[in-house]
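Residue numbering for the sequence shown follows our numbering, starting at 364 and increasing by one per position.
Rather than coming from a laboratory, the hints here were simulated on the basis of the structure. Glycine residues also receive a C-beta, built at the ideal position from the N, C-alpha and C atoms. If a hint is listed, it holds; no wrong ones were tucked in.
Simulated DEER-style distance windows between Cβ atoms:
(1) A567 to G405: 25 to 31 Å
(2) I490 to R539: 40 to 46 Å
(3) R539 to I486: 44 to 50 Å
(4) V506 to P561: 27 to 33 Å
(5) G405 to D531: 14 to 20 Å
(6) T432 to M513: 30 to 36 Å
(7) D528 to F578: 26 to 32 Å
Here are the simulated DSSO-like pairs of lysine-lysine, each with C-alpha atoms no more than 27 Å apart in a straight line:
(8) K485 to K397
(9) K436 to K397
(10) K457 to K397
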Amino acid sequence: MKILISASDLRKNFEKYTIVDLRSKQEYDTAHIKGAVSLPVGDAPLKTDDGGFPSAGNWAGLLGGLGITRDAKIVAYDDGKSGRAVARFWYVAKYYGHGEVLILNGGFSAATALPMSADAAKITPSIYATNITEGYIFGLNEVLENYGKMKFLDVRTMEEFTGDDLRDNPRGGHLRGAILAPVDNFFADAPGQSFASPDKLAQAMTRLGIRKEDFIVTY
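Using the sequences provided together with the hints, build the complete structure.
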């Protein structure tokens, strides 16, 4: 499954994609990739108050309100500093059955050779039909049924892992047997590429004792 697209590859196929800008409205209004629609993650319901996914109805209204249908080929980007916002957008989109949705590797900071604009994209609202794809999220019952068959990666901070920082959670600590894997392990160190290179990712997984064949659940 292809997940990332470079700015150079996007430039070659520019007219093929619907582009979604996940930065703030102020950043979008200053400059954005030409034709991109604005979906500020600070305002958008990409997660609920308890950290879960938005409802199917909310997601359909959000995408449909931007004139996006489920057969659109999407490229999404954020500011390129961490990749967290665009990674969540990708995950929610795939969970709700979107076909081709790609992440612009490096985000807006890598898009210097792409056409830019300060004009808002013209939008014609559409009907977006969700189709939940199983396997992207695990509920409590599924976790309990498969507890000994999986490895848990806890991507929070050390303080959350140990329980010193509750972060508004009702209790501290971590799931028994979970491996501490701070999310920075999976992002690039250099600007212009949001996500870790294959070599860095392989090294991180090796340090964590994770093999390709392992069944991983993250939280």
